[in-house]
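Number of protein chains: 2
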Amino acid sequence: MILVDGKPGDRVPASDRGLLYGDGLFETIRFVGEAAPLWPRHMQRLAAGCERLRLPAPDPDLLRREAQIATQGMAQAVLRITLTRGSGTRGYAMPVAPRPTRIVAAFPMPALEAAPYRDGVRLHPCTIRLAEQPLLAGIKHLNRLEQVLARAEWDDPAIAEGLLCDARGNAISATAANLFAVIDGVPVTPAVDRCGVAGVLRAELLETLPRVEVRALPLAECLAAAELFLSSSVRGILPVRAVGDRVFAPGPVARAMQAHWRGLGFSVETA
Amino acid sequence: MILVDGKPGDRVPASDRGLLYGDGLFETIRFVGEAAPLWPRHMQRLAAGCERLRLPAPDPDLLRREAQIATQGMAQAVLRITLTRGSGTRGYAMPVAPRPTRIVAAFPMPALEAAPYRDGVRLHPCTIRLAEQPLLAGIKHLNRLEQVLARAEWDDPAIAEGLLCDARGNAISATAANLFAVIDGVPVTPAVDRCGVAGVLRAELLETLPRVEVRALPLAECLAAAELFLSSSVRGILPVRAVGDRVFAPGPVARAMQAHWRGLGFSVETA
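The listed protein sequences derive, respectively, from chains A and B. When we follow this note's numbering, the leftmost residue of the first sequence carries the number 180, and every step to the right adds one. When we follow this note's numbering, the leftmost residue of the second sequence carries the number 180, and every step to the right adds one.
Because the hints were derived from the structure by calculation, they are not lab data. All of these numbers come straight from a predicted model, not from anything done at the bench. Take the hints with a grain of salt, since some may be wrong.
Since the list gives no way to pick out one identical chain from another, each pair is judged satisfied if it fits inside one copy or across any two copies.
[What the hints assert, rightly or not] Taking lysine to any residue pairs in the SDA-like style, the calculated list, with each CA pair at most 20 Å apart, reads:
| # | residue 1 | residue 2 |
| --- | --- | --- |
| 1 | Lys319 | Arg281 |
| 2 | Lys186 | Glu332 |
| 3 | Lys319 | Gln223 |
| 4 | Lys319 | Gly270 |
| 5 | Lys319 | Arg269 |
| 6 | Lys319 | Ala226 |
| 7 | Lys186 | Gly423 |
| 8 | Lys319 | Pro219 |
| 9 | Lys186 | Arg347 |
| 10 | Lys186 | Asp424 |
| 11 | Lys186 | Ala236 |
| 12 | Lys186 | Pro237 |
| 13 | Lys186 | Arg278 |
| 14 | Lys319 | Asp424 |
| 15 | Lys186 | Val365 |
| 16 | Lys186 | Gln251 |
| 17 | Lys186 | Ala293 |
Work out the full structure, taking the sequences as your base and the hints as a guide.
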């Protein structure tokens, strides 16, 4: 079910700035029945994004009520909240009194196989380099052509994700998940202050791991890691079994974070 | 009037990838009655963008027919063509058989005052730096948050545009126009192979000017130019009278290009 500004509907004005310029934000939130264990973190990131883009922040309680309506009766759902700057006069200038468009759309959670969680996933080493834009880094905005182009670099269904680097040669993330590497026994996740998205499960892990580093992660160092895994608020923790020809084995940190993920209430995946 | 996929209407599906990811392209085309003097160049850029984004290119004759319907009865119009990758399964992966969405929307041309064309416009020196993404540079895609943030840097109505640089300190463009600087008697326009948009009036000028350089243009060199002017396929040729505190006088190259613009059939602005 889809709600547009609180009303059932599946269409938006062609003049919406979300469509004209990608002028807005989104969140993709996994629901287990009525529960969304990472909801507060999604709301935090959405509020941070609104501040960055100078968008009036929506009321989280209103969003929660609309989320419950949209996901009603679904055992497992993915909820996408899209918030745009709405319609206004033509041109890049922000409307003086913006009336944001709020789209709350629920989809059935796709079935997840156990094998990727148990054995790990293969990554394609993407050739596209993420551009550095500190003013947009970290937030989940609607300008996602880089991710679209990155995802189009492979079509082998045996490859689940892509490994994305910046122009400096640092590993940053997957196309739709964050990246953790265990180096000398310490989990490391790339900084996302110049490009990349600050994932909500990444934020959860940063508060959960007893020791963790957020820093630049050169690709060579990433590929020399003892273990690699991805974090996604929809898909959970996915060990990496290969990046191109480089092979990894699922390791103890990924297993511990999978257990943490299940402990949050996402009990579907076996691992 | 707005046509969505050839039919009158002003709404698009909330699942359109143009809205979800900014996954698409646009053109903003000025019409004088039924004429659109730069139409072939707009179609060329749109086709180049489709190739870059792996979008099926629309039929220019179909677009032209829809443009005529949308602009019918308008003495002066701005036509925006938006082409998105349409709807598909969720996620960044491109649909195997995309069905692009085509939006052809006509707006009355805003009244233009004579003074900016005669005396020049003031530019705000923007602090945001354009990110370098060679795979998206030059084309007119829908990921325009940088321009939105840049345009939000000033609200003084006496300032018409912003001057945008890249992270290397090179001047690139205005927020919605291209930039020309006359240096040692030679017009120079910044290369747009790492960021920026290859404007259609810029392309027209590159073929018109007897001598012109396309290259990196360091900001200091730009500010030391004998004359500066902007090119926009909607607004034409605008001399620059100031960038922040640095004052310029409209010069002979801008005047010659204004005459060329009028010769194309855009006879509205006095200069």
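Now for the hints, and whether the structure bears them out:
Taking the shortest alpha-carbon separations for Lys319 and Arg281, only the intra-copy value of 15 Å comes in at or below 20 Å, while the best inter-copy value is 26 Å. Taking the shortest Cα distances, Lys186 and Glu332 never come within 20 Å of each other, neither inside one copy (38 Å) nor across copies (34 Å). For a Cα distance limit of 20 Å, the shortest separation of Lys319 from Gln223 inside one copy, 11 Å, qualifies, whereas the shortest one across copies, 32 Å, does not. Taking identical chains as interchangeable, the C-alpha atoms of Lys319 and Gly270 lie at most 20 Å apart only when they sit on different chains, with a minimum of 14 Å there against 23 Å within one chain.
Taking CA atoms no more than 20 Å apart as the test, Lys319 paired with Arg269 passes between copies only; the shortest distance there is 16 Å, against 24 Å inside one copy. Taking the closest pair of Cα atoms, Lys319 and Ala226 come within 20 Å of each other only inside a single copy of the chain (11 Å); across copies the shortest separation is 29 Å, beyond that limit. Taking the shortest Cα distances, Lys186 and Gly423 never come within 20 Å of each other, neither inside one copy (46 Å) nor across copies (46 Å). With identical chains, the CA atoms of Lys319 and Pro219 are at most 20 Å apart within one copy only, with a shortest distance of 15 Å there and 36 Å across copies.
Neither within a single protomer nor between protomers do Lys186 and Arg347 lie at most 20 Å apart by alpha-carbon distance, with minima of 46 Å and 47 Å respectively. In the homo-oligomer, the alpha carbons of Lys186 and Asp424 never lie at most 20 Å apart, since the shortest distance is 49 Å inside one protomer and 50 Å across protomers. Taking the shortest alpha-carbon separations for Lys186 and Ala236, only the intra-copy value of 19 Å comes in at or below 20 Å, while the best inter-copy value is 35 Å. For the homomeric pair Lys186 and Pro237, the shortest alpha-carbon distance inside one copy (15 Å) is at most 20 Å, but the shortest distance between copies (34 Å) is not.
Taking the closest pair of Cα atoms, Lys186 and Arg278 come within 20 Å of each other only inside a single copy of the chain (15 Å); across copies the shortest separation is 27 Å, beyond that limit. Within a single copy, Lys319 and Asp424 get their C-alpha atoms no closer than 31 Å, and across copies no closer than 36 Å, so neither meets the 20 Å cut-off. For a Cα distance limit of 20 Å, the shortest separation of Lys186 from Val365 qualifies neither inside one copy, at 48 Å, nor across copies, at 58 Å. In this assembly of identical chains, the alpha carbons of Lys186 and Gln251 lie at most 20 Å apart only when taken from the same copy (15 Å versus 34 Å across copies).
When the C-alpha separation of Lys186 and Ala293 is checked against a cutoff of 20 Å, the pair qualifies neither within a copy, at 37 Å, nor between copies, at 46 Å.
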